[in-house]
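**Student:** Place chain B on chain A using the hints.
Protein chains: 2
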Amino acid sequence: MAIVDPLSQIFLRLERRNQPMHVGGLQLFERPADAPADYVHRLVERARDQCGVQPPFDKHLKYHFGQPFWVVDHDFDMAYHVRHLALPKPGRIRDLLALVSMLHGTLLDRARPLWEVYIIEGVSEDRFAVYTKFHHSMMDGVSAMRVMRRFLSIEANAESFRVPWQLPPARSARSSQLASTWHTVRASYRQLAALPATARSLVDAWHDARHDPDFTGPTQAPASMLNVPVSGSRRFAAQGYSKSRIHTVASAFDATINDVVLAMCSAALRRYLLDHDALPQAPLIAMLPVSLHDEDDGTGNKVGLMYANLATDVADPGDRLATIKRSVDYWKRHYKRMTPEQIMALVASLSAPAGLNLLTGLAPRHQSFNVIISNIPGPEDTLYFGDAEMVGMYPLSVVMDGQALNISLVSYRDSLEFGLTACRRSLPSVQNLLKYLDDGLEELMPAAPAASQ
Amino acid sequence: MAIVDPLSQIFLRLERRNQPMHVGGLQLFERPADAPADYVHRLVERARDQCGVQPPFDKHLKYHFGQPFWVVDHDFDMAYHVRHLALPKPGRIRDLLALVSMLHGTLLDRARPLWEVYIIEGVSEDRFAVYTKFHHSMMDGVSAMRVMRRFLSIEANAESFRVPWQLPPARSARSSQLASTWHTVRASYRQLAALPATARSLVDAWHDARHDPDFTGPTQAPASMLNVPVSGSRRFAAQGYSKSRIHTVASAFDATINDVVLAMCSAALRRYLLDHDALPQAPLIAMLPVSLHDEDDGTGNKVGLMYANLATDVADPGDRLATIKRSVDYWKRHYKRMTPEQIMALVASLSAPAGLNLLTGLAPRHQSFNVIISNIPGPEDTLYFGDAEMVGMYPLSVVMDGQALNISLVSYRDSLEFGLTACRRSLPSVQNLLKYLDDGLEELMPAAPAASQ
Numbered sequence: 537m538a539i540v541d542p543l544s545q546i547f548l549r550l551e552r553r554n555q556p557m558h559v560g561g562l563q564l565f566e567r568p569a570d571a572p573a574d575y576v577h578r579l580v581e582r583a584r585d586q587c588g589v590q591p592p593f594d595k596h597l598k599y600h601f602g603q604p605f606w607v608v609d610h611d612f613d614m615a616y617h618v619r620h621l622a623l624p625k626p627g628r629i630r631d632l633l634a635l636v637s638m639l640h641g642t643l644l645d646r647a648r649p650l651w652e653v654y655i656i657e658g659v660s661e662d663r664f665a666v667y668t669k670f671h672h673s674m675m676d677g678v679s680a681m682r683v684m685r686r687f688l689s690i691e692a693n694a695e696s697f698r699v700p701w702q703l704p705p706a707r708s709a710r711s712s713q714l715a716s717t718w719h720t721v722r723a724s725y726r727q728l729a730a731l732p733a734t735a736r737s738l739v740d741a742w743h744d745a746r747h748d749p750d751f752t753g754p755t756q757a758p759a760s761m762l763n764v765p766v767s768g769s770r771r772f773a774a775q776g777y778s779k780s781r782i783h784t785v786a787s788a789f790d791a792t793i794n795d796v797v798l799a800m801c802s803a804a805l806r807r808y809l810l811d812h813d814a815l816p817q818a819p820l821i822a823m824l825p826v827s828l829h830d831e832d833d834g835t836g837n838k839v840g841l842m843y844a845n846l847a848t849d850v851a852d853p854g855d856r857l858a859t860i861k862r863s864v865d866y867w868k869r870h871y872k873r874m875t876p877e878q879i880m881a882l883v884a885s886l887s888a889p890a891g892l893n894l895l896t897g898l899a900p901r902h903q904s905f906n907v908i909i910s911n912i913p914g915p916e917d918t919l920y921f922g923d924a925e926m927v928g929m930y931p932l933s934v935v936m937d938g939q940a941l942n943i944s945l946v947s948y949r950d951s952l953e954f955g956l957t958a959c960r961r962s963l964p965s966v967q968n969l970l971k972y973l974d975d976g977l978e979e980l981m982p983a984a985p986a987a988s989q
Numbered sequence: 537m538a539i540v541d542p543l544s545q546i547f548l549r550l551e552r553r554n555q556p557m558h559v560g561g562l563q564l565f566e567r568p569a570d571a572p573a574d575y576v577h578r579l580v581e582r583a584r585d586q587c588g589v590q591p592p593f594d595k596h597l598k599y600h601f602g603q604p605f606w607v608v609d610h611d612f613d614m615a616y617h618v619r620h621l622a623l624p625k626p627g628r629i630r631d632l633l634a635l636v637s638m639l640h641g642t643l644l645d646r647a648r649p650l651w652e653v654y655i656i657e658g659v660s661e662d663r664f665a666v667y668t669k670f671h672h673s674m675m676d677g678v679s680a681m682r683v684m685r686r687f688l689s690i691e692a693n694a695e696s697f698r699v700p701w702q703l704p705p706a707r708s709a710r711s712s713q714l715a716s717t718w719h720t721v722r723a724s725y726r727q728l729a730a731l732p733a734t735a736r737s738l739v740d741a742w743h744d745a746r747h748d749p750d751f752t753g754p755t756q757a758p759a760s761m762l763n764v765p766v767s768g769s770r771r772f773a774a775q776g777y778s779k780s781r782i783h784t785v786a787s788a789f790d791a792t793i794n795d796v797v798l799a800m801c802s803a804a805l806r807r808y809l810l811d812h813d814a815l816p817q818a819p820l821i822a823m824l825p826v827s828l829h830d831e832d833d834g835t836g837n838k839v840g841l842m843y844a845n846l847a848t849d850v851a852d853p854g855d856r857l858a859t860i861k862r863s864v865d866y867w868k869r870h871y872k873r874m875t876p877e878q879i880m881a882l883v884a885s886l887s888a889p890a891g892l893n894l895l896t897g898l899a900p901r902h903q904s905f906n907v908i909i910s911n912i913p914g915p916e917d918t919l920y921f922g923d924a925e926m927v928g929m930y931p932l933s934v935v936m937d938g939q940a941l942n943i944s945l946v947s948y949r950d951s952l953e954f955g956l957t958a959c960r961r962s963l964p965s966v967q968n969l970l971k972y973l974d975d976g977l978e979e980l981m982p983a984a985p986a987a988s989q
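Line by line, the protein sequences give chains A and B.
The first sequence begins at 537 in the working numbering and counts up one residue at a time.
The second sequence begins at 537 in the working numbering and counts up one residue at a time.
Just chain A, same shape as in the assembly (with noise of 0.2 Å):
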């Protein structure tokens, strides 16, 4: 029994019945040429099989005292878990976006450990997919593919079958309870410890917010159709885009392949506004989560943020691109002098009246960003589930009142996979945006050469 930590608690207390508070991932796999007919049933079969389920996987909540605590579940229930489910013929992948959209905008079933894996067959071209669902309170975006990468092999090997609940769990929460206790101890201290230089970075952030143009922070983001009340329903949309091209952009304009993935965001939101005839005047913010994960960390949330100016309101796409890297660089710059709990603690108290915001549900006085963009490295080599080839892996986030869209990418092989995770009802067709993040991409190309990528 361990109680839920503080972080983790506001991911429980913000969920309602609009806004589910948990991630998921969605991968799409190649069934081996010599597969038999019932290939993606043994698979499941086999799955729910393996029962030896380790943590966080085997705890579910437990209220004492109104404190929320996770306690092992004695009545696991492995076919509630783990679901079959097939799509209609022909198995088009817009199909599989559409059902996995309905599935992500169902709340977990609290008396349960928060988290579901559905496989799916019949995805067209011989493929299957497998969406997994777990609650933001178990774990960030970040652990959630360490997970779903530590399960994969490097190699097709049908004897090499696992599955996410069955990995032994990483270090640190492998360890004992008095090494955990000891651990808290340490890290509270390490948290105090860093006030000082907290308070100080506070003072610098609203000094630059005067007085530094390339300041861009939790104040300046105009009201927009992105944020706005949202319904119970989601609209999920999914694509890879060429790392080698967004490279070659990068490389153009000697930004990184985040600052281009901001500027492909920036080109496709402010196409999507015009086209609603809701373009703010100001340029759209974006909050971006920082990872500050050590190696062998286990699972959790442990997050910070920056902001970035969007420039949506520029028309030239070299000038938006320029802009972007500019307030990113602030930030990067700003933290680089910093502890993972310094920037915690600064995030904390950047983020406070956002928060009290969400907690409380009273219209915010001011919106402090418009959207969330989360890049997540992935794996760069062929993964495997068994003998089965990934071929494509999409990261699926929250959406919540006043923040209707959340994008999130992960690396995989030659490829950056954006999930777009959408308020089906305030954000009509976003399934647009995937055409114009590649618009947005083309039009920062450089000519004659690399123009033909």
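Just so you know, these hints were derived from the structure itself, not from any lab.
Computed from a predicted model, the values in this text were never measured in an experiment.
Misleading hints may appear alongside valid ones.
The list treats identical chains as interchangeable, and a pair is accepted whether it falls inside one copy or across any two copies.
Stated by the list, open to error - Computed cross-link-like contacts, SDA-like style, restricted to lysine to any residue with a CA-CA straight-line distance of at most 20 Å:
| # | residue 1 | residue 2 |
| --- | --- | --- |
| 1 | Lys595 | Asn554 |
| 2 | Lys625 | Ala573 |
| 3 | Lys595 | Ala538 |
| 4 | Lys625 | Arg582 |
| 5 | Lys779 | Ala983 |
| 6 | Lys625 | His577 |
| 7 | Lys625 | Ala615 |
| 8 | Lys598 | Asp937 |
| 9 | Lys625 | Glu661 |
| 10 | Lys598 | Asn554 |
| 11 | Lys598 | Val764 |
| 12 | Lys625 | Asp662 |
| 13 | Lys868 | Ser827 |
| 14 | Lys598 | Arg552 |
| 15 | Lys595 | Val540 |
| 16 | Lys625 | Tyr575 |
| 17 | Lys625 | Ser660 |
| 18 | Lys625 | Arg584 |
| 19 | Lys779 | Gly854 |
| 20 | Lys971 | Asn794 |
| 21 | Lys598 | Pro765 |
| 22 | Lys625 | Arg567 |
| 23 | Lys625 | Glu566 |
**Tutor:** Below, chain B alone, put in the same frame as chain A:
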């Protein structure tokens, strides 16, 4: 715009993530012999093309000054309400029930009209299914069944394709705003006029509770494993039972079909509780909703109720049936002297403590009843959806904290189609009840000639 009536408001307020307050129906159809491979796909397309959405299917909730109103949804999204799913191969009925269990456990989106239709292809033996979900605030089980029936035809005809949401509303629902206000005034007057008779009935019931051994009321139900807090996950089990077999038993015991149904439920529950070493000493009490709808009553909620002693403490099947019959006959005699308004007022008084318990979420001081058993009249003729014959229809209902099982049944042709909706976590292997229901019927069958049926 119309204010939501008080009973429907209760259904809205009772709803929580672990107790969705929607009812549903599962219908099973046979594809016509000459159907093309994409028959179901075309059917979905055709259903989505039926855009003239009629009341109450076009209305969603809006709150003004804290009061809920039904208002027309001007962003109606047909593809959201009508969904196309498929079963994994081989599409067994148990796979269908697993899928429907999952769908029935999720909340409707309150930002939209409170209904969803799922058209499910790939059921074995060339069948497909339609699962329909309505919020209880929109209509009760009888209204839902009426809607399900009205869109079907009595002969196979591809041209006569209709869908529930394009039906013109029934007479009273179609009446003008003025007429409907008048209806409300008149109904309130009738309820007021009913008060003296209600008071008399209450006094009678109170007297009977102490003196009439056949009286079964809301103070006698024992604690049981059916009456516990529920999880958010559901198990739906369904099966049809031969009406002529049930009729044979009813004749032999001079009982009604409904008495025999209750005896089957009693036998099944007794056996299930014995399996779990959890049979209470006192008999289980069933609550039986009674429809107070007129013939052309439209949709909505209009329901009275009776109590039945299920005699689960009695080992002999014949004695059990006799006790059940006497307890139901008591309420029939009692109600025969009353108008529908008087019955509704009486029911409100009798169930007030239970209702308060449900609303406040406080632990009940006493259990009002152990299980709801709802017997809904259905069609006797074979019905068709376009040119597809309906081969089965099963009702789904609500479970809630303290009521982990709901038994609903509807008649169709020579079958009584049972639908058991249960909390999947508190009632393990609840599907065993299907077999036990059959055993419960079999043990009442008269010997010799009828035994071979």
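**Student:** Does each hint fit the structure? Answer for all of them.
**Tutor:** We went through each hint and held it up to the structure:
{"no.": "1", "hint": "Lys595 to Asn554", "verdict": "between (25 Å within a copy, 18 Å between copies)"}
{"no.": "2", "hint": "Lys625 to Ala573", "verdict": "both (15 Å within a copy, 9 Å between copies)"}
{"no.": "3", "hint": "Lys595 to Ala538", "verdict": "within (10 Å within a copy, 45 Å between copies)"}
{"no.": "4", "hint": "Lys625 to Arg582", "verdict": "between (25 Å within a copy, 16 Å between copies)"}
{"no.": "5", "hint": "Lys779 to Ala983", "verdict": "within (18 Å within a copy, 78 Å between copies)"}
{"no.": "6", "hint": "Lys625 to His577", "verdict": "both (17 Å within a copy, 8 Å between copies)"}
{"no.": "7", "hint": "Lys625 to Ala615", "verdict": "between (25 Å within a copy, 17 Å between copies)"}
{"no.": "8", "hint": "Lys598 to Asp937", "verdict": "between (27 Å within a copy, 17 Å between copies)"}
{"no.": "9", "hint": "Lys625 to Glu661", "verdict": "both (11 Å within a copy, 17 Å between copies)"}
{"no.": "10", "hint": "Lys598 to Asn554", "verdict": "between (23 Å within a copy, 15 Å between copies)"}
{"no.": "11", "hint": "Lys598 to Val764", "verdict": "between (33 Å within a copy, 16 Å between copies)"}
{"no.": "12", "hint": "Lys625 to Asp662", "verdict": "both (12 Å within a copy, 15 Å between copies)"}
{"no.": "13", "hint": "Lys868 to Ser827", "verdict": "within (13 Å within a copy, 68 Å between copies)"}
{"no.": "14", "hint": "Lys598 to Arg552", "verdict": "both (18 Å within a copy, 17 Å between copies)"}
{"no.": "15", "hint": "Lys595 to Val540", "verdict": "within (11 Å within a copy, 41 Å between copies)"}
{"no.": "16", "hint": "Lys625 to Tyr575", "verdict": "both (18 Å within a copy, 11 Å between copies)"}
{"no.": "17", "hint": "Lys625 to Ser660", "verdict": "both (8 Å within a copy, 15 Å between copies)"}
{"no.": "18", "hint": "Lys625 to Arg584", "verdict": "between (26 Å within a copy, 17 Å between copies)"}
{"no.": "19", "hint": "Lys779 to Gly854", "verdict": "within (19 Å within a copy, 76 Å between copies)"}
{"no.": "20", "hint": "Lys971 to Asn794", "verdict": "within (19 Å within a copy, 60 Å between copies)"}
{"no.": "21", "hint": "Lys598 to Pro765", "verdict": "between (30 Å within a copy, 13 Å between copies)"}
{"no.": "22", "hint": "Lys625 to Arg567", "verdict": "both (17 Å within a copy, 16 Å between copies)"}
{"no.": "23", "hint": "Lys625 to Glu566", "verdict": "both (17 Å within a copy, 18 Å between copies)"}
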